[in-house]
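Novice: The primary structure of each chain is shown beneath.
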Amino acid sequence: MAAFFQALLQHSFLQHALLAGLLVSISCGIVGTYVVTRRITYLAGGIAHCVLGGMGFARYMQVVHEWTFFTPMLGALLAALLAAFIIGWVNMKAKERIDTVISAFWGMGMAIGILFIAKTPGYGEDLMSYLFGNILLVSQRDLLAIAGLDLFIAATALLFHKQFVAVCFDEEFARLRGINTQFFYFLMLALTALTVVLMVSIVGIVMVIVMLTLPAAIAGRFCLRMGSMMALAAGLCALFTFGGLALSYAPDLPAGASIIVLTGVSYLLSLLFKKR
Amino acid sequence: MSQPIQIENLNFSYGPVSVLEDANLSLGEREFVSIVGPNGGGKTTLLKIILGLLEPQSGSVSVFGKVPEIGRKQIGYLPQYTSLDALFPVTALDVVLMGRLGITRSLGFYTKSDREAAHAMLSRVGLDKFHNRPLSALSGGQKQRVLIARALVSEPKLLLLDEPSSSLDDYVEQELFDLLQELNKELTIVVVSHDVAYVSRYVEKVICVNRVVHTHPVSEIDENLIHDMYGEHVHAVRHDQEQE
Numbered sequence: 000m001a002a003f004f005q006a007l008l009q010h011s012f013l014q015h016a017l018l019a020g021l022l023v024s025i026s027c028g029i030v031g032t033y034v035v036t037r038r039i040t041y042l043a044g045g046i047a048h049c050v051l052g053g054m055g056f057a058r059y060m061q062v063v064h065e066w067t068f069f070t071p072m073l074g075a076l077l078a079a080l081l082a083a084f085i086i087g088w089v090n091m092k093a094k095e096r097i098d099t100v101i102s103a104f105w106g107m108g109m110a111i112g113i114l115f116i117a118k119t120p121g122y123g124e125d126l127m128s129y130l131f132g133n134i135l136l137v138s139q140r141d142l143l144a145i146a147g148l149d150l151f152i153a154a155t156a157l158l159f160h161k162q163f164v165a166v167c168f169d170e171e172f173a174r175l176r177g178i179n180t181q182f183f184y185f186l187m188l189a190l191t192a193l194t195v196v197l198m199v200s201i202v203g204i205v206m207v208i209v210m211l212t213l214p215a216a217i218a219g220r221f222c223l224r225m226g227s228m229m230a231l232a233a234g235l236c237a238l239f240t241f242g243g244l245a246l247s248y249a250p251d252l253p254a255g256a257s258i259i260v261l262t263g264v265s266y267l268l269s270l271l272f273k274k275r
Numbered sequence: 000m001s002q003p004i005q006i007e008n009l010n011f012s013y014g015p016v017s018v019l020e021d022a023n024l025s026l027g028e029r030e031f032v033s034i035v036g037p038n039g040g041g042k043t044t045l046l047k048i049i050l051g052l053l054e055p056q057s058g059s060v061s062v063f064g065k066v067p068e069i070g071r072k073q074i075g076y077l078p079q080y081t082s083l084d085a086l087f088p089v090t091a092l093d094v095v096l097m098g099r100l101g102i103t104r105s106l107g108f109y110t111k112s113d114r115e116a117a118h119a120m121l122s123r124v125g126l127d128k129f130h131n132r133p134l135s136a137l138s139g140g141q142k143q144r145v146l147i148a149r150a151l152v153s154e155p156k157l158l159l160l161d162e163p164s165s166s167l168d169d170y171v172e173q174e175l176f177d178l179l180q181e182l183n184k185e186l187t188i189v190v191v192s193h194d195v196a197y198v199s200r201y202v203e204k205v206i207c208v209n210r211v212v213h214t215h216p217v218s219e220i221d222e223n224l225i226h227d228m229y230g231e232h233v234h235a236v237r238h239d240q241e242q243e
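Listed in order, the protein sequences are those of chains X and Z. In this text, residue positions in the first sequence follow numbering that gives the first Met the number 0: the first is 0, and each later residue adds one. In this text, residue positions in the second sequence follow numbering that gives the first Met the number 0: the first is 0, and each later residue adds one.
Certain hints may be false.
To be verified - Interface residues of chain X toward chain Z, partial, derived using beta-carbon atoms under 8 Å:
| hint | residue |
| --- | --- |
| 1 | Thr36 |
| 2 | Leu158 |
| 3 | Phe172 |
| 4 | Ile178 |
Said to hold, decoys possible - Below, in silico cross-link-like pairs of lysine-lysine (DSSO-like), each with a Cα-Cα straight-line distance of 27 Å or less:
| hint | chain 1 | residue 1 | chain 2 | residue 2 |
| --- | --- | --- | --- | --- |
| 5 | Z | Lys47 | X | Lys92 |
| 6 | Z | Lys128 | Z | Lys111 |
| 7 | Z | Lys65 | Z | Lys47 |
| 8 | X | Lys92 | Z | Lys72 |
| 9 | Z | Lys128 | X | Lys273 |
Note that these hints are calculated values from the structure, not bench results. Think of the CB as a built atom: it goes at the ideal place given N, C-alpha and C, for glycine as much as any other residue.
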């Protein structure tokens with residue numbers, strides 16, 4: 000642990016990693032609270048896995064067709080928003096079983112990503128870092144993008160807090176009070192998509208759903224209101240990111256997986272405490 | 000002032016299944032009525048049509064002289080509590096504040112006047128000292144009162160309650176209806192219930208919904224009517240004893 004703090008002072012990549020983790024925690028706490036209370040975990044998981052399609056496509060275009068502007072993060076952003084819109088729309092309109100529909104997108108999103116990555120020269124490392132995250136590779140430019148998205152998510156959540164709470168608690172009532180519940184449902188999914196993209200750089204696609212649900216779930220056991228649940232979830236998310244990073248440093252473990260295990264164990268331990 | 004609810008020749012079906020046939024219904028100001036009928040008879044459908052959540056295939060519906068989507072702003076609605084998440088992190092005051100949506104500003108948090116109105120309404124239902132309690136820590140009767148306060152805080156002219164007493168014991172149910180009776184001095188109240196015997200002690204009219212819609216003054220309610228509505232096995236109603 001001491002070695003970690005020493006390294007933190009010396010290496011800018013570690014400072015970037017930590018800063019990224021702390022920034023993302025804000026969105027994670029806010030959006031995680033929506034996901035948990037509105038019970039759209041599986042939907043969020045579907046969006047997360049569709050992201051691979053976007054990242055694979057972007058990487059392919061970058062390498063093979065030299066679209067240099069088309070970064071994997073931009074691809075992830077587009078794929079996440081598209082997936083959120085389509086899954087949300089199907090959920091609202093279609094009479095299909097929604098979990099089946101999500102499974103279809105979940106699998107197809109990943110498959111498309113794998114196909115593109117397979118056709119991209121030098122694919123091996125890319126795939127691993129997309130799937131399992133690589134917090135230590137966060138660049139200064141990534142940090143700026145993360146901060147921008149973070150600010151947007153937090154501002155939106157703050158401005159429309161009462162509408163989001165009402166839509167999560169009792170959508171029908173909110174609609175009767177003249178709230179455009181469809182709009183807020185899609186806005187919530189869009190915020191979820193943006194947060195997924197932010198988390199992917201930290202813990203990777205496969206483990207996003209853990210960070211999006213467990214800190215909020217722990218917070219929900221102790222908090223009486225949405226606002227405090229968001230704050231505590233964000234704090235926990237920051238703590239787990241910091242802790243996982245610190246614990247993984249000396250034994251040279253993958254940071255993303257360490258963060259996830261720490262989060263999961265903390266959640267299980269929280270179950271031992273009595274609920275509020 | 001137009002009537003709270005006016006329904007004429009309304010037909011509604013889910014696909015080939017006819018739910019409501021040629022329904023007519025008229026409700027005057029400050030009436031206290033109950034919608035009764037068997038499960039699957041169309042009570043909830045009728046409610047949702049009045050609230051503008053479902054569109055009938057034919058017929059006209061007006062709520063305070065307007066189409067339901069507009070007129071429903073004057074309605075305070077109490078859904079069945081079982082449809083809500085019992086563990087949701089909100090306090091009693093948070094829930095009541097939701098009733099201010101559509102009145103309050105759209106950006107930012109609730110205003111001071113929203114909070115004052117919510118506190119006032121919680122006092123009205125006798126729960127202001129519990130305003131900071133989480134909803135999950137309140138009893139069934141208290142939760143119902145919080146939801147009634149939420150329905151009332153928008154100052155509606157019509158209160159619509161969907162099975163408000165289904166999860167309450169007898170004593171709390173009576174408290175609830177006493178409260179409704181008092182509120183009835185100012186507003187029109189419609190209670191959906193499956194317990195004809197109980198509600199007929201309080202309401203003036205009973206609207207029987209079982210694919211067809213008939214309105215009866217309470218005095219007409221007797222065993223034959225209930226038999227017609229529900230089929231056979233329903234325990235007899237004894238207004239004579241209960242109203243002594």
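Novice: A separate judgement is required for each hint: does it hold in the structure or not?
Specialist: Cross-check of the supplied hints:
1. Because the beta carbon of threonine 36 of chain X sits about 6 Å from the nearest beta carbon in chain Z, less than 8 Å, this interface hint is met.
2. Annotation: interface hint on leucine 158 of chain X holds; nearest CB of chain Z at approximately 5 Å, less than 8 Å.
3. The restraint placing phenylalanine 172 of chain X at the interface with chain Z holds, with a minimum CB-CB distance near 6 Å, inside the 8 Å limit.
4. Given the 8 Å rule on beta carbons, the hint for isoleucine 178 of chain X holds: about 6 Å separates it from the nearest Cβ of chain Z.
5. With a C-alpha separation of about 18 Å, the suggested pairing of lysine 47 of chain Z with lysine 92 of chain X holds against the 27 Å cut-off.
6. The straight-line distance between the Cα atoms of lysine 128 of chain Z and lysine 111 of chain Z is roughly 18 Å, inside the 27 Å bound, and the hint therefore holds.
7. With a C-alpha separation of about 16 Å, the suggested pairing of lysine 65 of chain Z with lysine 47 of chain Z holds against the 27 Å cut-off.
8. Only pairs whose Cα atoms come within 27 Å are accepted, and lysine 92 of chain X paired with lysine 72 of chain Z is accepted, the gap being roughly 25 Å.
9. This hinted pair checks out: lysine 128 of chain Z and lysine 273 of chain X have alpha carbons roughly 25 Å apart, not beyond 27 Å.
Going down the numbered hints, you'll see the structure goes against none, and every one checks out.
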